[in-house]
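Respectively, the protein sequence lines represent chains U and S.
Residue numbers for the first sequence, in UniProt numbering: 1 to 222.
Residue numbers for the second sequence, in UniProt numbering: 1 to 222.
There may be inaccurate statements among the hints.
If chains are identical, the list can't say which one is meant, so a pair holds when it fits in one copy or spans any two.
Claimed, not checked - For lysine-lysine, the following DSSO-like pairs were computed, each having C-alpha atoms within a straight-line distance of at most 30 Å: (1) K46 x K150; (2) K152 x K4; (3) K152 x K44; (4) K4 x K76.
Treat the hints as calculated values from the structure; they're not laboratory data.
Here the structure is a predicted model, which is why all the values come from computation and not from measurement.
Number of protein chains: 2
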Amino acid sequence: MTMKLYGVMRSPFVQSVVFTCYETDTEFELIPTENVVVRTPEFKAKLNPFGTMPALEDGDFTLFESRAISRYIASKADAQRAGNSLLGSTIEEQALVNVWIDVEAQTFFPPMKDAAIEWTYKLVPDAALVKSSLEKLGKILDIYEDQLTKHKYIAGDFFSLADIFNATLVYFYMRFSNPEQQGEFTNRPHVHAWLQSIYARPAWQKIIAIPETTDWSFLKKT
Amino acid sequence: MTMKLYGVMRSPFVQSVVFTCYETDTEFELIPTENVVVRTPEFKAKLNPFGTMPALEDGDFTLFESRAISRYIASKADAQRAGNSLLGSTIEEQALVNVWIDVEAQTFFPPMKDAAIEWTYKLVPDAALVKSSLEKLGKILDIYEDQLTKHKYIAGDFFSLADIFNATLVYFYMRFSNPEQQGEFTNRPHVHAWLQSIYARPAWQKIIAIPETTDWSFLKKT
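Bound conformation, chain U alone (with noise of 0.2 Å):
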């Protein structure tokens, strides 16, 4: 049986899981599912108690949360599979995969969210906190520049889970700022290239040729 993986192409948390699923070959039916859906009392029962999406429903079984979405479905993939694992082929791999998802959702995301949240949505940013933000940004970045100077991809010298749910965040957020905040990526070169090479590939352009259905215009700066 197919899987319903339930949410809409804008969030990128869906996208993440959606990644996935194209690096993997797996098969999964989009149920678009607006915000409005997510918050019912169906919703929350049947798949989310949370009510926020993305949420999946495999069968009998059903799962939230984009990162565990993800890596049950690598698990899938690998269990069904021979090549390359999103998840790392060792131990020791798969420890460095898990170091650097935590360090996206613990240490990256937070400052990203904070400066786009307020270019973007807010008709007064609050400067201070942009500032801080991009200060805490700038470092963090310095530490994957170096990473990435080291490696070819954020874990290691292979493509990985990890790789997906950064590089899947930044495109939201290079969307959604402005050239001072963007530059933080475009400058560095080697955290540069990664992006570049991580949206060359053929399931991130799957991705960006899914038809637009969003309507951004509550969005200021659009």
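Given chain U, work out where chain S should sit, using these hints.
Showing chain S alone in chain U's frame:
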């Protein structure tokens, strides 16, 4: 060779790794590592470029991020022994463990941290932030209560890393919060019973038996 774990026991993130070691009978040596040490260039170059604890050294292999370290220790233990896995025993169980680890990291921790930091560290707590954090926490704990009404542990009817990470954070929070904040946990019978069952485990009893070497006097409320 015995693993070396760098950090101090007052950190709930160090505690969650030690908890994992005790649950899996993994030998380790704790190297006390105060903030001043983790910020040195030597520590950053060798163990964690972000300069936080805990960090792990296992022969030539090093690792940081507490959840990634615990997953690694559990994976190595799985490869070496029979018995229950802290990671889940099937692909589905593993996926559910991952869900509730991500819920802890992404949803549960932020409002707990906001409420506890305001109350514990600030001379004049931001009353509005404490109030909104407690409201968020209450809604999340209603979902935990519902989950724990259906299952013995947070990810299902088996003890896992998701219980370790969640309960370790709560213990820290309970110690540094006021009665109103603590009531969010003690007033929900299934949440309360779940936490008590975890704190009764021999592994947790070993952790709280470690002599307290931290001077907490910098906290205004102690």
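Outcome of the hint check:
no. : hint       : result
1   : K46 x K150 : between (45 Å within a copy, 14 Å between copies)
2   : K152 x K4  : between (33 Å within a copy, 28 Å between copies)
3   : K152 x K44 : between (40 Å within a copy, 21 Å between copies)
4   : K4 x K76   : within (15 Å within a copy, 33 Å between copies)
Hint check: no violations occur; every hint is consistent with the structure.
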